[in-house]
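Take the sequences, apply the hints, and build the full model.
Those sequence lines, one after another, are chains Z, B and U.
Position 71 (the first sequence) corresponds to 71 in my numbering; numbering is contiguous.
Position 66 (the second sequence) corresponds to 66 in my numbering; numbering is contiguous.
Position 167 (the third sequence) corresponds to 167 in my numbering; numbering is contiguous.
A portion of the hints provided could be inaccurate.
[Claimed, not checked] The calculated lysine-lysine pairs, modelled on BS3-like cross-linking and capped at a C-alpha distance of 25 Å, are:
#: 1; chain 1: Z; residue 1: Lys98; chain 2: U; residue 2: Lys93
#: 2; chain 1: Z; residue 1: Lys98; chain 2: U; residue 2: Lys14
#: 3; chain 1: U; residue 1: Lys276; chain 2: U; residue 2: Lys245
#: 4; chain 1: U; residue 1: Lys252; chain 2: Z; residue 2: Lys98
#: 5; chain 1: U; residue 1: Lys37; chain 2: Z; residue 2: Lys252
#: 6; chain 1: U; residue 1: Lys14; chain 2: Z; residue 2: Lys107
#: 7; chain 1: Z; residue 1: Lys107; chain 2: U; residue 2: Lys252
#: 8; chain 1: Z; residue 1: Lys252; chain 2: U; residue 2: Lys98
#: 9; chain 1: U; residue 1: Lys222; chain 2: U; residue 2: Lys252
No wet-lab data here; the hints were simulated from the structure.
Below are the chains, spelled out letter by letter.
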Amino acid sequence: MLTAVKNNFKIMFLSIKYNLMRCMENNVAFMTSIIMMIFNNASFIIQWLTIFALKETVGSYTLNDVMLFWAVSSGSFGLAHILFNGIHKLPDYIEEGKLDAYLTMPKNVLCYVATSSLEPSAFGDLIYGYLALIIFNFSIKNILLYTLLIILGSLIFTSFAVILNSITFFIFRFSYVTEALKEVFLNGCLYPDVIFKRAVKIIFFTLIPSAFASWIPVHLLMNFSLNKFLILIIFTIFIIILAFIVFYRGLKNYSSSNLMGIRG
Amino acid sequence: MKKYLNVAKTTFNDSIQYATSIIFRIGGFTITMLILISLWNFIYSGNDNLINGYSLKEMIWYLLLAEIITFGSGSKVATNEVKNCIKSGNIAYQVTKPYSYPIYVIFKFIADTFIRFIIFLLVATTLGLIFAGPLETFNIQTLIISIPVFFLAVLITGMTRILISLSSFWVEDSTPFQNVYSKIILIFGVFFPMEMFPSIIRTIVRFSPIYGVSYGPAKLVISSSFTLFKEVILSQIIIIIVISILISIVYRKGARKLNVNGG
Amino acid sequence: MKAIEVKKLSKTFKSKTKEKGLKGSIKAIFKPKYQEKKAVNKISFEVEKGEILAFIGPNGAGKSTTIKMLTGILFPTSGEISVLGINPHKERKKLAYKIGTVFGQKEQLWIHLTPYDNFKFFGAIYDIPEKIVERRIEEYKQIFELDEFINTPVRGLSLGQRMICEIVASLIHEPDILFLDEPTIGLDPVIKEKIRVFIKRLNKEKKTTIFLTSHDVGDIEKLCKRVIIVNNGHIVLDDSMENLKYHYLNKKIVEAKMNTKINLDDVDGISILKDKDYNLKLEVDLTKKSISDAIKLLDPDKIIDINISNTPLETIISNIYKETKE
Numbered sequence: 001m002l003t004a005v006k007n008n009f010k011i012m013f014l015s016i017k018y019n020l021m022r023c024m025e026n027n028v029a030f031m032t033s034i035i036m037m038i039f040n041n042a043s044f045i046i047q048w049l050t051i052f053a054l055k056e057t058v059g060s061y062t063l064n065d066v067m068l069f070w071a072v073s074s075g076s077f078g079l080a081h082i083l084f085n086g087i088h089k090l091p092d093y094i095e096e097g098k099l100d101a102y103l104t105m106p107k108n109v110l111c112y113v114a115t116s117s118l119e120p121s122a123f124g125d126l127i128y129g130y131l132a133l134i135i136f137n138f139s140i141k142n143i144l145l146y147t148l149l150i151i152l153g154s155l156i157f158t159s160f161a162v163i164l165n166s167i168t169f170f171i172f173r174f175s176y177v178t179e180a181l182k183e184v185f186l187n188g189c190l191y192p193d194v195i196f197k198r199a200v201k202i203i204f205f206t207l208i209p210s211a212f213a214s215w216i217p218v219h220l221l222m223n224f225s226l227n228k229f230l231i232l233i234i235f236t237i238f239i240i241i242l243a244f245i246v247f248y249r250g251l252k253n254y255s256s257s258n259l260m261g262i263r264g
Numbered sequence: 001m002k003k004y005l006n007v008a009k010t011t012f013n014d015s016i017q018y019a020t021s022i023i024f025r026i027g028g029f030t031i032t033m034l035i036l037i038s039l040w041n042f043i044y045s046g047n048d049n050l051i052n053g054y055s056l057k058e059m060i061w062y063l064l065l066a067e068i069i070t071f072g073s074g075s076k077v078a079t080n081e082v083k084n085c086i087k088s089g090n091i092a093y094q095v096t097k098p099y100s101y102p103i104y105v106i107f108k109f110i111a112d113t114f115i116r117f118i119i120f121l122l123v124a125t126t127l128g129l130i131f132a133g134p135l136e137t138f139n140i141q142t143l144i145i146s147i148p149v150f151f152l153a154v155l156i157t158g159m160t161r162i163l164i165s166l167s168s169f170w171v172e173d174s175t176p177f178q179n180v181y182s183k184i185i186l187i188f189g190v191f192f193p194m195e196m197f198p199s200i201i202r203t204i205v206r207f208s209p210i211y212g213v214s215y216g217p218a219k220l221v222i223s224s225s226f227t228l229f230k231e232v233i234l235s236q237i238i239i240i241i242v243i244s245i246l247i248s249i250v251y252r253k254g255a256r257k258l259n260v261n262g263g
Numbered sequence: 001m002k003a004i005e006v007k008k009l010s011k012t013f014k015s016k017t018k019e020k021g022l023k024g025s026i027k028a029i030f031k032p033k034y035q036e037k038k039a040v041n042k043i044s045f046e047v048e049k050g051e052i053l054a055f056i057g058p059n060g061a062g063k064s065t066t067i068k069m070l071t072g073i074l075f076p077t078s079g080e081i082s083v084l085g086i087n088p089h090k091e092r093k094k095l096a097y098k099i100g101t102v103f104g105q106k107e108q109l110w111i112h113l114t115p116y117d118n119f120k121f122f123g124a125i126y127d128i129p130e131k132i133v134e135r136r137i138e139e140y141k142q143i144f145e146l147d148e149f150i151n152t153p154v155r156g157l158s159l160g161q162r163m164i165c166e167i168v169a170s171l172i173h174e175p176d177i178l179f180l181d182e183p184t185i186g187l188d189p190v191i192k193e194k195i196r197v198f199i200k201r202l203n204k205e206k207k208t209t210i211f212l213t214s215h216d217v218g219d220i221e222k223l224c225k226r227v228i229i230v231n232n233g234h235i236v237l238d239d240s241m242e243n244l245k246y247h248y249l250n251k252k253i254v255e256a257k258m259n260t261k262i263n264l265d266d267v268d269g270i271s272i273l274k275d276k277d278y279n280l281k282l283e284v285d286l287t288k289k290s291i292s293d294a295i296k297l298l299d300p301d302k303i304i305d306i307n308i309s310n311t312p313l314e315t316i317i318s319n320i321y322k323e324t325k326e
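This is the structure we're talking about:
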């Protein structure tokens, strides 16, 4: 059992390593996409500088606090797209029947699919996350805690994407909806919780769990509380388990009723 | 007969596909707008009624109107199509044809954008009426003077996109530059009217294309001012002349590079 | 224990049907109608260990569906499968260690890596110690003459070289059964021959059971001792290659060029396929007449040139397809 888990991790590690080697084949394009992504994210600092010139605080947040939302979100997103970008290709794999090859391997299908791809520009997001943290909220403690929190955040975002993308097992061409919902999730992470009305907040704590990927981590960085931290850990474990359940339920559907029956 | 039915079927499927993608783009637009409207609602709460001369209602309308120019003109004709045409080398055939390629793309862009723009205009108006309420100053005269201003704003957007795409003659991928342009317009034109910025930035915006592309048209609808109309139209015409000259210079240089390299 | 045992295996696909037009689309959302298609219909067969089996049939006959059920990708609708004593859809991973799969046009390799790195990756997938992987790579390198491209990234390889690498990658864990789905599709004759020789050698030296689907008659003729033909989800023939040939090869084709025109009529056992100018083509049913009967009929003095041949396997197979259609 333990060796099986270890061997699974070995394959995931190797896949990520090989993906990274592919990115580095074209160094210029790789660096350009990273730098462009950093600029892209940084341009939103102007948005917040302008807002804080109009109003001294947003809720109780200062500019430094708002930048924590950016640091956490872009760090989590970056990490998720570096480690588990394959999940976002799942609808293509399902619709084109590419999942077959993964199914003939003696490894965990979800883990293997997740690590099968890497988005180069995601390094820009990750680097920006650390930059934003260092510039606006530097402390050694923060960096360590931040690293832990974005790992949890990337797992939450990936699990959310697994659940959404697994719907493609049941409904063809669902990826349009998935893309839109991921966009909502991202926006929920990037803006501070105080600007949303109660009803919207409830949605971000339940159906679209941006609150767990960004709001709670930001609160923890501002003011650590063991209770909140435990809640976050429990939620992360919960959504990972849910993602596995939904994925394997979908995979059963792929294997039995089968969407590509016509293809023979 | 079967042949024609097949043609009809394919076209119908295409338009269904197109309709689906439009519906989801509208969904994305609505969500982005709702979040920004929440943001402004929050900024205005517990504040005076006006921020730099804008009421909350005016601010929301400004946001919606400025954003539809970006969203409504998000046609791939001026961006990816031009880029791919240059990258694939098909541009060499365009050079030999008895028409100007840039003008051809501009017309194609306008045709492609027309319906899309109307759809986004309707969505934005609906959102505005629900979340901000009708603008009291708006009347028939405002409507009439807005039409040419919005048309020219979309035209400028398309032309700028084409100009950026032409950089594909020299750089590997023009998409990152398109993204930078989008971001500049978003932050300095859509998120905030220029009155919200410190004076230096305000001056820069006033004399940049942002004035003609987003600030001018949006502000015109809110203020219904005929003086503003004249100013905006004048700057738009100047921008168009400048961009036209730039496009023709860049295109000619690019085409010459093509000839030197033998395609 | 048999390598593969299949009993009354069936697979039914459901697909949504939709009436025409927008109205139909809306109807389909609320009240979907399903159409059932039996891709595989109660097939039973067995494969002995060490056998090379050709599993063939026209497109859409149910070949791929069967392979997918045997490898655990698809669940059967009904029936029983046992591959090496394992039920594929219940213990997919356990089975995966013991079988190898090559799906003709679906690539499993990392194209930016060299074959060598790919093989090592597959070694890791099957939890094989590094030393053993290296030893096996060395072995395959000899057999397939991989030297010239083992350190070139896969994207720089020809189609044939890639296919060889796919096969080697699927053999790195030395499976007991190798499933090959269209392994020689689109390859040139030299590479085809190389692959066939290797498969034969693999079967002989390592006693690997080979389960092969192919449209290439050459593959089947040169490799397989036994053929299963499926059509419309049914097994229409399950026999040894020898029997297949014997059964269908009791007919010979005689083609002759004559110096004068002669007029012939069909006789019992000899039928005229073609009679044009000085050229004649006869089919001789050897159960009724002999070749010499046919030659006598032609009048040997008038023959300029003669050619006696078997019915090509390709024709035999396509005749079986046609006979069993619906």
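Each hint tested on the structure:
1. Z/Lys98 to U/Lys93: Answer holds: Z/Lys98 to U/Lys93 is near 18 Å, not above 25 Å.
2. Z/Lys98 to U/Lys14: Status holds; Cα separation ~20 Å.
3. U/Lys276 to U/Lys245: Roughly 29 Å separates the two Cα atoms, so the pair is violated.
4. U/Lys252 to Z/Lys98: 46 Å, violated
5. U/Lys37 to Z/Lys252: Holds: U/Lys37 and Z/Lys252 sit about 19 Å apart, inside 25 Å.
6. U/Lys14 to Z/Lys107: 29 Å, violated
7. Z/Lys107 to U/Lys252: 53 Å, violated
8. Z/Lys252 to U/Lys98: 22 Å, holds
9. U/Lys222 to U/Lys252: 21 Å, holds
Hints 3, 4, 6 and 7 from the list above are not met by this structure, while the remaining hints are.
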